[in-house]
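J.: Here is how the chains run, residue by residue.
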Amino acid sequence: MELPFFYLFSAGIVITSLFMITRSNVIHAALLLVLSFFFLAGLFVLAGAEFLAAVQVLIYSGGIMVLYLFSIMLMNVQVAVRIRQWHRQRFFAILIVLILGFEIWSVLGKGVFPAMKVWPWKLGATPGNVEALGSVLYTKFVFPFEVVSILLLAAMIGAIVLAKKRIDS
Amino acid sequence: MIPISHFLTLGAVLFLIGAAGVLMRRNAIIILLSIELMLNAVNVTLIGFSRQWADLSGQVFAIFVIAVAACEAAVGLAILISLNRDKTIMNVDEVNLLKW
Amino acid sequence: MNIATEALIAFIKIAVVLLVVSLVVAYLTYLERKIIAHIQMRMGPMRVGWHGLLQPIADGLKLFLKEDIIPSKSDKVVFVLAPIMVLVPAFVVYSVLPFSENFYITQVNIGLFLILAISSLGVFGVVMAGWASNSKYSLLGALRSAAQMLSYEIFLGFALIGPLMLAGSLNMQKIVEAQSGGWFVFSQPLAFIVFFIAALAETNRVPFDLPEAETELVSGFHTEYSGMKFAFFFLAEYANIMVVSTVGITLFFGGWMGIPGIPLPGFVWFVLKLATMIFVFIWLRATLPRYRYDQLMRVGWKFMFPLVLINIFLTGLIKYLFL
Chain W
1 MELPFFYLFS
11 AGIVITSLFM
21 ITRSNVIHAA
31 LLLVLSFFFL
41 AGLFVLAGAE
51 FLAAVQVLIY
61 SGGIMVLYLF
71 SIMLMNVQVA
81 VRIRQWHRQR
91 FFAILIVLIL
101 GFEIWSVLGK
111 GVFPAMKVWP
121 WKLGATPGNV
131 EALGSVLYTK
141 FVFPFEVVSI
151 LLLAAMIGAI
161 VLAKKRIDS
Chain V
1 MIPISHFLTL
11 GAVLFLIGAA
21 GVLMRRNAII
31 ILLSIELMLN
41 AVNVTLIGFS
51 RQWADLSGQV
61 FAIFVIAVAA
71 CEAAVGLAIL
81 ISLNRDKTIM
91 NVDEVNLLKW
Chain X
1 MNIATEALIA
11 FIKIAVVLLV
21 VSLVVAYLTY
31 LERKIIAHIQ
41 MRMGPMRVGW
51 HGLLQPIADG
61 LKLFLKEDII
71 PSKSDKVVFV
81 LAPIMVLVPA
91 FVVYSVLPFS
101 ENFYITQVNI
111 GLFLILAISS
121 LGVFGVVMAG
131 WASNSKYSLL
141 GALRSAAQML
151 SYEIFLGFAL
161 IGPLMLAGSL
171 NMQKIVEAQS
181 GGWFVFSQPL
191 AFIVFFIAAL
201 AETNRVPFDL
211 PEAETELVSG
221 FHTEYSGMKF
231 AFFFLAEYAN
241 IMVVSTVGIT
251 LFFGGWMGIP
261 GIPLPGFVWF
271 VLKLATMIFV
281 FIWLRATLPR
291 YRYDQLMRVG
301 WKFMFPLVLI
311 NIFLTGLIKY
321 LFL
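Each protein sequence line maps, in turn, to chains W, V and X.
Each residue of the first sequence is one higher than the last, beginning at 1 in the numbering used here.
Each residue of the second sequence is one higher than the last, beginning at 1 in the numbering used here.
Each residue of the third sequence is one higher than the last, beginning at 1 in the numbering used here.
Be a bit skeptical, because a hint or two may be false.
Taking lysine-lysine pairs in the DSSO-like style, the calculated list, with each CA pair at most 27 Å apart, reads [said to hold, decoys possible]:
hint : chain 1 : residue 1 : chain 2 : residue 2
1    : W       : Lys165    : X       : Lys302
2    : W       : Lys122    : W       : Lys110
3    : X       : Lys34     : X       : Lys13
4    : X       : Lys136    : X       : Lys66
5    : X       : Lys76     : X       : Lys136
6    : X       : Lys319    : W       : Lys140
7    : W       : Lys165    : X       : Lys136
8    : X       : Lys319    : X       : Lys174
9    : X       : Lys34     : X       : Lys62
10   : X       : Lys136    : W       : Lys164
11   : W       : Lys122    : X       : Lys13
12   : W       : Lys122    : X       : Lys174
13   : X       : Lys13     : X       : Lys174
14   : X       : Lys66     : X       : Lys76
15   : X       : Lys302    : W       : Lys164
Keep in mind that the hints were calculated from the coordinates and are not lab data.
A quick note: this is a predicted structure, and the numbers were derived from the prediction, not measured.
Just need the whole structure built from these sequences, with the hints factored in.
T.: Put into structure tokens, the structure is as follows:
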């Protein structure tokens with residue numbers, strides 16, 4: 001029962017991503033990426049990571065993409081511009097990407113995985129994913145957690161300093 | 001039950017699409033969006049592995065990846081805004097002076 | 001029960017909830033005009049139907065039949081999608097809210113978090129509307145409104161962490177059941193105050209309605225909209241009011257749980273509490289002046305944010321030491 005939904009979501013993600021990298025209108029590209037994030041959140045729910053799905057919608061599309069949209073609107077991007085949108089070397093770019101794809105396929109195709117383990121809780125039940133994630137995040141991974149908070153602080157200060165108006169003395 | 005190979009294939013395809021976007025486009029914001037797509041491809045792979053071994057470390061790491069993506073988006077956009085201050089530069093090959 | 005029966009029951013529940021909510025949202029516009037009118041010592045709509053009861057239908061019909069203008073230089077796809085992005089999240093949230101002990105569409109173990117995530121999508125509709133209109137007033141109003149909504153959404157989320165710590169679960173039904181020993185508004189008064197103010201700002205209500213005040217930026221982000229799309233924005237505001245009121249009473253006032261002693265069904269208690277909270281929203285609109293934009297931001301970040309952090313800290317401390 002999960003497999004048709006998986007195909008649906010992954011088709012959605014791939015199609016919207018392909019559209020996104022080919023749009024010349026930047027706002028359309030950003031909105032298509034938001035759409036692909038929704039499909040991705042659905043995929044996360046299928047894999048038993050429902051907390052992460054909500055985090056993806058809340059932070060990635062509700063936070064980061066809004067930041068992108070704000071910046072696009074405030075920066076006066078020439079959306080319907082007639083200048084060249086694509087690199088002159090795009091043929092070599094596609095070639096490199098295809099070679100990379102071939103390498104990945106030749107490595108992954110040889111992988112043999114044992115039988116999939118089942119989650120120790122029933123999917124979607126309470127207590128389930130959220131409680132287990134909390135108990136592991138604050139005991140085993142508390143150090144990376146604190147480091148990420150310092151990283152966020154550094155990024156915030158850096159972004160403010162970089163984007164401030166220079167006051168000419 | 002979704003086999004792990006499906007997740008890995010999807011992650012690989014998304015990563016390649018993102019890489020193609022980064023290498024082929026001139027517009028700085030589309031390049032940043034393609035980088036976000038690559039980070040999401042990594043997330044898909046992590047979640048796939050987390051499901052395979054029923055280990056929550058994959059999901060925890062995916063949360064950290066999202067946090068780092070937020071930082072990188074903020075700093076990248078701040079750089080773009082400061083580049084755009086005097087005149088609108090939108091294509092990355094126009095940023096070719098060593099000292100601004 | 002096989003999949004087909006379950007799907008059918010789910011569809012029927014969804015249809016019922018959608019219909020009832022749409023009707024209530026439409027009549028909320030009428031209710032607001034009547035209540036504000038009576039507070040201001042006048043009568044409000046009186047002509048259409050008995051005491052103006054058919055006014056929402058007249059309004060809806062008028063907006064439906066109006067000419068649908070799309071500005072020629074606007075981004076047409078985004079222009080049409082924006083009202084949908086504002087209205088749909090308000091309705092999706094109803095899927096996880098418990099209306100009584102047995103009537104809810106579904107229970108997910110991330111219910112509260114889902115509500116937060118979906119409510120954060122309303123910002124997209126506002127930003128898209130402002131941009132797609134290709135007009136200075138719309139863009140400025142949209143950016144102001146979006147910045148306000150984003151900031152106060154953070155305070156909303158933090159204010160909800162207090163009751164969450166006491167309830168111990170993100171599941172909305174379990175949060176309601178955890179209040180059987182006392183409503184959370186008595187044990188988390190600070191969280192409730194911050195939640196209420198953040199809800200006012202999140203739905204662009206007075207005193208935080210600068211982005212859509214008529215005397216300010218013409219009409220903010222919905223300046224260029226007419227006809228059915230404008231009706232969507234209009235309805236979306238009232239739908240959002242209903243949503244935050246419902247979330248507020250579920251988290252702070254016990255949802256469908258009544259005062260033990262008065263035997264009323266759970267649904268009646270729910271409706272009574274919801275009506276009271278919406279009445280307070282409308283009452284505030286008739287009473288308070290509005291904040292200036294920098295005052296709004298200052299109140300949020302310098303006053304409410306420390307307050308909500310102190311609340312979380314104290315709740316955690318007391319829960320660890322005594323409970």
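J.: Does lysine 13 of chain X lie within 27 Å of lysine 34 of chain X when you go C-alpha to C-alpha?
T.: Violated, at about 31 Å.
J.: For the pair we were handed, lysine 302 of chain X and lysine 164 of chain W, check the Cα-Cα distance against 27 Å.
T.: Given pair lysine 302 of chain X, lysine 164 of chain W holds - Cα atoms ~21 Å apart, limit 27 Å.
J.: Given the proposed pairing of lysine 76 of chain X with lysine 136 of chain X, does the C-alpha separation stay at or below 27 Å?
T.: Holds, because 17 Å separates the two Cα atoms, which is no more than 27 Å.
J.: With the threshold set at 27 Å, check whether the alpha-carbon distance from lysine 165 of chain W to lysine 136 of chain X stays at or below it.
T.: Holds, because 22 Å separates the two Cα atoms, which is no more than 27 Å.
J.: Straight-line Cα separation of lysine 122 of chain W and lysine 110 of chain W no greater than 27 Å?
T.: Not satisfied, since the Cα-Cα distance of roughly 32 Å exceeds 27 Å.
J.: Measure nothing beyond the straight line between the CA atoms of lysine 165 of chain W and lysine 302 of chain X; if it is 27 Å or shorter, mark the hint as holding.
T.: This hinted pair holds, its Cα atoms lying about 23 Å apart.
J.: Just to be careful, I want the Cα atoms of lysine 136 of chain X and lysine 164 of chain W compared with a cutoff of 27 Å; is the pair within it?
T.: Status holds; Cα separation ~23 Å.
J.: For a C-alpha distance cap of 27 Å, please report whether lysine 319 of chain X and lysine 174 of chain X respect it.
T.: Holds - the C-alpha atoms of lysine 174 of chain X and lysine 319 of chain X are around 18 Å apart, at most 27 Å.
J.: Between lysine 34 of chain X and lysine 62 of chain X, does the CA-CA distance stay at or below 27 Å?
T.: Given that 27 Å is the threshold and the Cα spacing comes to 19 Å, the pair holds.
J.: Within a Cα-Cα threshold of 27 Å, do lysine 122 of chain W and lysine 174 of chain X meet the stated pairing?
T.: Answer holds: lysine 122 of chain W to lysine 174 of chain X is near 17 Å, not above 27 Å.
J.: Between the alpha carbons of lysine 136 of chain X and lysine 66 of chain X, is the straight-line distance 27 Å or under?
T.: holds, 24 Å
J.: Can the restraint linking lysine 13 of chain X and lysine 174 of chain X be considered satisfied, given a maximum Cα separation of 27 Å?
T.: holds, 20 Å
In this structure, the earlier hints numbered 2, 3 are contradicted, and the remaining ones agree with it.
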